[in-house]
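Chain by chain, the residues:
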Amino acid sequence: MNEAEFAYRIRQALDEGADRLDYTVSLRLQKARALALERSVARQAAPVWVPALQLASTDAAAAGLGGGSRGSAWLLRFGLAAPLLVLVLGIVGIKQWQRDQMVAEVADIDFAVLLDDTPIDTYAHQGFGVYLRDENGM
Amino acid sequence: MATRAELSEFLAGAERRAYKQALFAVRDQDNALDIVQDSMCKLSENYGQRPVHELPLLFTRIVQNTIHDFFRRQKVRSTWITLFSALSSPDSEDSDPLESLEARPGSAAAESAADVVEREQVVKIIEQEVSRLPARQREAFLLRYWEDLDVAETAAAMKCSEGSVKTHCSRATQALAKAMRARGIEL
Chain A
1 MNEAEFAYRI RQALDEGADR LDYTVSLRLQ KARALALERS VARQAAPVWV PALQLASTDA
61 AAAGLGGGSR GSAWLLRFGL AAPLLVLVLG IVGIKQWQRD QMVAEVADID FAVLLDDTPI
121 DTYAHQGFGV YLRDENGM
Chain B
1 MATRAELSEF LAGAERRAYK QALFAVRDQD NALDIVQDSM CKLSENYGQR PVHELPLLFT
61 RIVQNTIHDF FRRQKVRSTW ITLFSALSSP DSEDSDPLES LEARPGSAAA ESAADVVERE
121 QVVKIIEQEV SRLPARQREA FLLRYWEDLD VAETAAAMKC SEGSVKTHCS RATQALAKAM
181 RARGIEL
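Chain order of the listed sequences is A and B. Per the numbering used here, the very first residue in the first sequence carries number 1; after that it's consecutive. Per the numbering used here, the very first residue in the second sequence carries number 1; after that it's consecutive.
In isolation and in its complexed conformation, chain A is listed as follows (with noise of 0.2 Å):
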């Protein structure tokens, strides 16, 4: 007797014993199926979850229209990796401008050196420093 044979005869003598459950066992099976079956019910009558984000064709996907879930679950994710990506982008713009910012500044701080009366050097003497100080003092 090959594998496949002995393992028929195996299965009918479990498909016997399958079948000849105490009462006790398939009124409980019974019970469990009449439970797994409500809960089925509840949960689709239970009101769907839709994120605010989510766009309005998504809703005709999420209602079951077959390949559906997929995709919604794609724009769910979507909406809401975008608004990070967006908070991100602010970020970096605005460190990008208080950069442009500070070098505008800078430049025309030269411009204003540059233009000035007084020579450059003049800027680099440690006691021109203590003179403006002084002069601006009295």
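Some hints here could point you the wrong way.
To be verified - Here chain A is said to cover these stretches of chain B; the calculated rule only asks that three of the stretch's residues, wherever they fall, bring their Cβ under 8 Å from a Cβ of chain A: (1) 57–68; (2) 132–141.
As the list claims (entries may be wrong) - Calculated pairs, DMTMM-like style, for lysine to aspartate or glutamate (alpha carbon to alpha carbon, straight line, at most 20 Å): (3) B:K42 x A:E3; (4) A:K31 x B:D30; (5) B:K42 x B:E54; (6) A:K31 x B:E9; (7) B:K178 x A:D116; (8) A:K31 x B:E54; (9) B:K124 x A:E16; (10) B:K124 x A:D19; (11) B:K124 x A:D22.
Derived by calculation from the structure, the hints in this document are not laboratory data. Please read these numbers as outputs of a predicted model, since none were measured by experiment. By construction, the Cβ of each residue, glycine as well, lies at the ideal position given by its N, Cα and C atoms.
Fit chain B to the supplied structure of chain A, relying on the hints for placement.
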């Protein structure tokens, strides 16, 4: 999409085999019934909308996963009990109980089977011997030959390779044949 009637019909047809499989694995009627109930609820809650033809494979996987979860919980529980009672276990921490789980000798069923008809005796003995198989061998054998899954589906359900499924099935068949011969049963 499965209707309520179709789902009910499917569950009614599958619940007995699922119960027996769980019983072979956990060897406790109440735990086996809990496993079947959990599996049915998971199927109906999470996959009730799926087409009817997908339900058998899904249910088989859910039952197997629920049995595995039961053993995991049992292992965690026994680890804590061992820890608190300061008793050391001879098994290593990494060992998988499913790989080496052997049945304790079933005495009550065997003794009560003495008075039943021959066929019932044979069925009981077969069930006992199936229950005594190492967990992975039993799982492969039942999925392959009782649930009618092909090798690839069985491998997917057991999360192992197709080669392992063939090996487990072959060993299970040999072990069962040997056990049947030892008990004087010709199939």
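So, going through the hints one by one against the coordinates:
With 0 residues having a Cβ less than 8 Å from any Cβ of chain A, the region 57–68 of chain B misses the three-residue criterion, and the hint is violated. Against chain A, the region 132–141 of chain B contributes 1 residues with a C-beta closer than 8 Å to a partner C-beta. That does not satisfy the three-residue criterion, and the hint is violated. Of the supplied pair hints, the one linking B:K42 and A:E3 is violated, its CA atoms being roughly 34 Å apart against a limit of 20 Å. A distance of roughly 14 Å separates the Cα atoms of A:K31 and B:D30; the hinted pair therefore holds under the 20 Å criterion.
Proposed proximity of B:K42 and B:E54 is supported: the alpha carbons are some 14 Å apart, at most 20 Å. This hinted pair checks out: A:K31 and B:E9 have alpha carbons roughly 14 Å apart, not beyond 20 Å. A distance of roughly 107 Å separates the Cα atoms of B:K178 and A:D116; the hinted pair therefore is violated under the 20 Å criterion. A C-alpha spacing of about 24 Å is found between A:K31 and B:E54, which places the hinted pair above 20 Å, so the restraint is violated.
Between B:K124 and A:E16, the direct Cα distance comes to roughly 10 Å. Compliance with the 20 Å bound is thereby established for this hinted pair. As the CA atoms of B:K124 and A:D19 are separated by approximately 13 Å, the hinted pair is consistent with the 20 Å bound. With a C-alpha separation of about 14 Å, the suggested pairing of B:K124 with A:D22 holds against the 20 Å cut-off.
In terms of the numbered hints stated before, the structure departs from hints 1, 2, 3, 7 and 8, listed from lowest to highest.
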